[in-house]
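Trainee: Single-letter residue listing:
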Amino acid sequence: MTVMEQRGAYRPSPPPAWQPRTDPTPLLPDERPYRVLGTETAAEADPELLRRLYTQLVRGRRYNAQATALTKQGRLAVYPSSTGQEACEVAAALALEERDWLFPSYRDTLAVIARGVDPVEALTLLRGDWHTGYDPYAHRVAPLSTPLATQLPHAVGLAHAARLKGDDVVALAMVGDGGTSEGDFHEALNFAAVWQAPVVFLVQNNGFAISVPLAKQTAAPSLAHKAVGYGMPGRLVDGNDAAAVHEVLAAAVRRAREGGGPTLVEAVTYRIDAHTNADDATRYRGDTEVDTWREHDPIVLLERELTHRGLLDEDFAGRVREDAEAMAADLRARMNRDPELDPMHLFDQVYAETTGQLREQRALLRAELEAEQQDQEGGPR
Amino acid sequence: MTTVAVKPATMAQALTRALRDAMTADPSVHVMGEDVGTLGGVFRVTDGLAKEFGETRCTDTPLAEAGILGTAVGMAMYGLRPVVEMQFDAFAYPAFEQLISHVSRMRNRTRGRMPLPITVRVPYGGGIGGVEHHSDSSEAYYMATPGLHVVTPATVADAYGLLRRAIASDDPVVFLEPKRLYWSKDTWNPEHPTDVEPIGRAVVRRTGRSATLITYGPSVPVCLEAAEAAHAEGWDLEVVDLRSLVPFDDETVCASVRRTGRAVVVHESGGFGGPGGEIAARVTERCFHHLEAPVLRVAGFDIPYPPPMLERHHLPGVDRILDAVARLQWEAEG
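Residue numbers (my numbering), protein chains in the order written: chain R, 187 to 567; chain L, 268 to 601.
Hints are computed from structural coordinates only; laboratory data are not their basis.
Treat the hints with care, as some may be off.
Unchecked claim - FRET-style restraints, in silico, Cβ to Cβ:
| hint | chain 1 | residue 1 | chain 2 | residue 2 | range |
| --- | --- | --- | --- | --- | --- |
| 1 | L | Met576 | R | Lys351 | 46 to 54 Å |
| 2 | R | His531 | L | Thr551 | 29 to 37 Å |
| 3 | L | Ala292 | R | Glu284 | 52 to 60 Å |
| 4 | R | Glu526 | L | Asp437 | 39 to 47 Å |
Here a beta-carbon is modelled for each residue, glycine too, at the ideal position from N, C-alpha and C.
Please build the complete structure, drawing on both the sequences and the hints.
Mentor: Below, the structure is given as structure tokens:
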């Protein structure tokens with residue numbers, strides 16, 4: 187019934203959203219982060235999956251170390267490391283099917299490469315030779331998003347569009363604890379719930395937004411609690427427990443795919459490194475705190491489980507190490523070559539068809555470059 | 268074949284027809300915004316679309332402009348062609364981050380791999396007696412953002428033709444609809460709507476020899492009226508309707524100014540940092556030796572948009588335009 191039809195006789199008829207939920211899935215998250223590793227349920231975890239997670243975790247850690255080293259050598263403009271958060275990164279990528287979409291933030295290069303994106307192309311933004319180096323459609327990975335939470339509504343829109351087209355596609359969007367304070371976080375979750383869009387939101391709560399601790403970011407009992415207000419389930423998971431993060435995300439993806447709508451997952455983790463190489467973390471946190479979290483390391487946790495189940499034989503562990511080293515060596519070799527830069531490309535693809543204004547400016551730059559070259563060759567100007 | 272009598276139509280009706288025809292022609296076109304469904308939009312521009320195409324093609328969204336544009340980005344990524352309605356000029360500001368940080372840059376950021384064919388319709392400008400936040404001229408903000416097209420119609424026929432072009436464009440287009448022209452009428456046949464030139468072409472609305480009035484959107488009829496009034500005072504004014512602020516049609520504008528040797532830029536937007544400064548600079552840079560006088564600007568004052576009972580003092584009117592024309596150093600001709 188439309189508002190117009192309701193005129194005359196006033197009969198309050200609550201719109202659907204006000205009706206009691208019929209879905210029995212609880213909205214409230216567990217009181218404590220869900221864990222698998224080190225608990226009884228660990229025995230049920232698929233060994234193949236655990237080995238895949240482990241392979242990617244080791245690779246991810248190596249990637250973070252290599253990229254940080256490249257930054258110190260001046261090969262990257264900046265690198266926001268996800269060391270300590272590898273379980274979230276890797277589980278996010280592995281929870282998705284090939285046809286699904288990933289919407290990463292700038293710290294999520296590990297998830298991006300775990301989706302299959304070339305490790306060098308994933309660093310284009312941070313090297314600074316272009317913005318997005320990879321084709322988003324090749325692996326269904328949206329560009330790394332720098333403005334916080336702005337990628338979340340994109341994920342909702344894409345998931346919504348896929349459903350409208352009858353495609354069986356889920357979008358997984360990644361954001362940090364700081365990002366949950368942004369307006370776009372709220373709007374994205376609200377749109378997703380209203381449209382019942384097949385989207386999963388993964389909040390990596392790594393304790394800090396650069397220097398600002400979570401206590402200054404929110405008064406909510408947990409970030410997962412925020413889901414309740416939108417009418418979607420919130421899930422709280424140990425973000426350093428790769429098996430747990432994968433299980434929770436895979437369930438949320440399944441629920442979305444089956445038409446159950448969105449889920450908000452908060453993964454509690456810790457950023458072992460500073461915000462970026464340009465940050466000084468000693469100004470806002472102590473070593474003891476970092477050391478405590480090092481004991482709860484995602485790789486160590488998984489190694490313990492694999493060893494316990496006899497899945498980490500020397501042969502497998504060696505292959506994992508070799509794979510990570512090979513990736514790092516390739517990354518090093520390719521990143522140590524200067525990227526090919528063509529300033530004339532600056533004017534490409536600003537519009538589908540270059541405007542007259544930009545053609546004029548391109549001509550100006552071309553003349554400047556020619557003059558520069560003549561100067562270098564010592565010829566007359 | 269039956270002949271349809273050509274009746275006067277309003278700009279709002281032409282816009283509705285453009286949306287309807289675009290939706291019929293292309294199933295990927297989706298209209299979304301606040302109150303665009305059941306109500307048909309506060310200006311009734313989306314009237315009947317939800318009924319004809321269903322609520323999934325013409326969608327009442329939650330009331331959140333950043334969310335509307337942000338989700339439209341995702342829809343465009345997946346091959347849809349969203350047409351977003353911002354309810355009023357000043358209500359579009361929450362969507363600025365999405366517009367500036369993503370919509371305008373996505374094509375360039377991805378080297379053309381991920382174009383975003385999104386049309387953002389924004390009713391803009393004053394003159395309708397709107398209270399605060401309902402009458403802003405926000406075009407300068409959009410013009411200052413590379414990657415966006417900024418288009419605004421001044422006639423019924425252009426409203427149809429330019430909106431069809433905007434929706435068909437593979438680039439994001441900010442489509443500024445002059446509110447006070449929504450109810451302007453013209454003889455226009457919706458069954459045989461004429462196409463317009465591609466986005467980026469200005470048009471000479473009135474030819475003249477004395478001076479050129481360069482204008483767009485809501486100020487076009489005002490300039491035409493001023494040109495009629497100027498005739499009595501012996502000035503034969505040319506009126507150029509820009510139609511598109513980005514891309515800017517230097518060719519048409521400069522050809523006119525070279526013919527007349529004098530120019531006044533007219534718009535509702537504030538003068539300082541407004542479109543007129545850019546236009547005057549472009550004209551001066553290109554036509555300096557043809558100019559008999561400095562390029563003048565007639566613009567809104569550099570004040571927050573005034574309350575409705577005082578807005579007539581703010582908006583450029585015929586008298587203010589004629590005063591500017593009078594200051595174009597005619598005495599030098601001797």
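Trainee: Now look at each hint and say whether the structure bears it out.
Mentor: Evaluated hints:
1. L:Met576 / R:Lys351: 46 to 54 Å: holds, 50 Å
2. R:His531 / L:Thr551: 29 to 37 Å: holds, 31 Å
3. L:Ala292 / R:Glu284: 52 to 60 Å: violated, 33 Å
4. R:Glu526 / L:Asp437: 39 to 47 Å: Violated, since R:Glu526 and L:Asp437 (Cβ atoms, about 27 Å apart) do not stay within the stated range.
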